[in-house]
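In the order they appear, the protein sequences are chains A and B.
Residue 18 in this note's numbering sits at position 18 of the first sequence; the count goes up by one each step and never skips.
Take any residue in the second sequence, note its place counting from 1, add 1000, and you have its number in this note's numbering.
Simulated from the structure, these hints should not be mistaken for lab results.
Note that the coordinates shown come from a computational prediction; the quantities given were computed from them, not determined experimentally.
Some hints could be false.
Taking lysine-lysine pairs in the PhoX-like style, the calculated list, with each CA pair at most 25 Å apart, reads [said to hold, decoys possible]: (1) B:Lys-1278 / B:Lys-1088; (2) A:Lys-75 / B:Lys-1171; (3) A:Lys-82 / B:Lys-1181; (4) B:Lys-1024 / A:Lys-75; (5) A:Lys-82 / B:Lys-1278; (6) A:Lys-82 / B:Lys-1024; (7) B:Lys-1195 / A:Lys-75; (8) B:Lys-1195 / B:Lys-1181.
Derived contacts from chain B toward chain A, CB cut-off under 10 Å, selection only [as the list claims (entries may be wrong)]: (9) Phe-1074; (10) Leu-1075; (11) Gln-1089; (12) Arg-1172; (13) Ala-1179; (14) Ile-1187; (15) Ala-1193; (16) Asp-1197; (17) Gln-1204; (18) Thr-1258.
Every residue gets a Cβ at the ideal spot worked out from N, C-alpha and C, and that includes glycine.
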Amino acid sequence: MPESLVPLNPVTRDEYVAAIQDLQIRSMNPNTPVPQRLALINRAQEMRTQMMEIEAARFNENSSEYQGAIETLNKAIRGLRKDIKEIDDAIRILDSVSIAFAAGDRLLTAAVEHFPIP
Amino acid sequence: MQRLALMLAVALGGCGTADFDEYKGVISRFQTATTQTSAMTVGYFDDLNDFERRLTFAGLRSDSGMQLNIPQQFLRDPFDPRAIELRKQAFQVILIYTDLLAQLAGSDAPERWQASTQNLKDSADGLLSTIDKFAGSDDPKEKSVAKEAAGLLEPLRILLSFAGTELINLKRTKALDRAVKTASPAIEALSAALKRDMGTVFAQRATIVLDPIAMLGVAYSKAQDAGNESQRLRILDDLETALADRQTQLAELRRIETALDTFDRAHGALVAYAESDKSPQSLSELIGEVERYAMVAQSAYDAFVEARKKEEKAES
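Modelling step: build the complete structure from the supplied sequences, incorporating the hints.
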C-alpha cells in the first residue's frame, strides 16, 4: 500500500491493520539501518496492542445485540418443535381412530346380538 | 364433511411430492454446511485470549529486555469470557434451528402418515362392510343399526381418499416457511454480528503473521553483515517456514470468511423460497445457492481438519 494511503492516526480496525502491516513491511527494507528497522517493528507491536485493546472493548460492549436475536431465533425453534409435535400427534390421532373404528365394528355386531333396538 | 373433502382437493392441487423431496435435500445440505462453518469459527472465538497469551510468551522468550507483568499479561482476559460464550451460544442456537428444519423436512412422517391412513381406511372399510351387511339383512335390528351409521361414514371414506402424503407435505412446507420467515431477521442480525467479530479474529492474526518475518529479515541482514554463512542459511530456512505459515493461516481465515458470506446468500435464498410461489424456477435458484454454500463450506472444512491434524502431529 502506498505510504500516502496509510493513515497516520488510525481509527477504524481496517486503518489499524493497514498501518501495522505498513510498518512491518517498511521494516523489511534492507537499505534501512537495522536500529530503525527494529524501531519500526516495535512501533507496529505497540500499535497492535492499542488496536487489540480497542477491539476487545468493542467486542465486550456489543454482546447485547446478540441477546435479542438469539431470543427471536429461540421463538422460531419453539414454533418448529410445536409443528413437529402436531404432525406426530396427527398421525397418532389417525391410529387412535383406526382402533376406534375396529372397536366400533365389534361393538355393532355385539349390540345387534345382545341388546334390543328401541 | 363432503364440502371439507372438496376443499382439501383444491388446496392440495399445487403441492408436488417430487419438489418437496428436492426441498428436503436442500435443507439437509444447508444444515451440514452450517455445522461445518460453525465448527471452524467457534474455535477461533475460543482462542481469542489464549492467542494473546501465547504471543506474550513468545515476546518474552525472544526479547530479554521485555518486562514480565504477570497480572497484566496473564491474569486478565481482554476478551470477556461471557462475551465469547455469547458468540458460541449464537452458533449453537443457529445449529439447533437448522437441525430442526432438517428434522421437519426429512422426517418419516409421510411414510407413517401413509401407513396410518391405510390402517384407518382398512378399519373404516371393515366397519362399512358390517353396516352394508346389516343394511341388506332381513333382521329389523340390523337394518336399524345400518341406517343410523351409514350417514356418518360415507363422507369419511371420501376424505380418506385425499389423505395421502401430499397432505402431510403441505403441512410440513407451511411449517418450514413459517419457521424460516420468523427466524430470518434474527439469522441476518447474528450473521452480520458474527462476521464483524470474525473481522476481529482476522485483525488479531493478520497483524502478527508479518512480525516474525520482519524480525527474520533484520536477523538475516545482521548475519549477512557479520559474514556468518551458516547463520544466514538457518535464517533463510526459518523464513521459508514463516512465509508458508503465513500463507496457510491467511488462507484458512479467508476460507471461513467466504463460508460466512455464502451462508448469507444461501439463507437469503431459503427466505426467498419460503416467500415464493414454490415454482420450479424459484426452487432451482434456491438449490443453486445452497449447493454453492455447501461446496465452499465443505472445502473450507476439509482444509481446516487437515490443518488441525498437522498441528496435532507437530505438537506430539
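*Which numbered hints turn out to be false for this structure?*
Going through the list in order, the structure violates hints 1, 9, 10 and 18 and respects the others.
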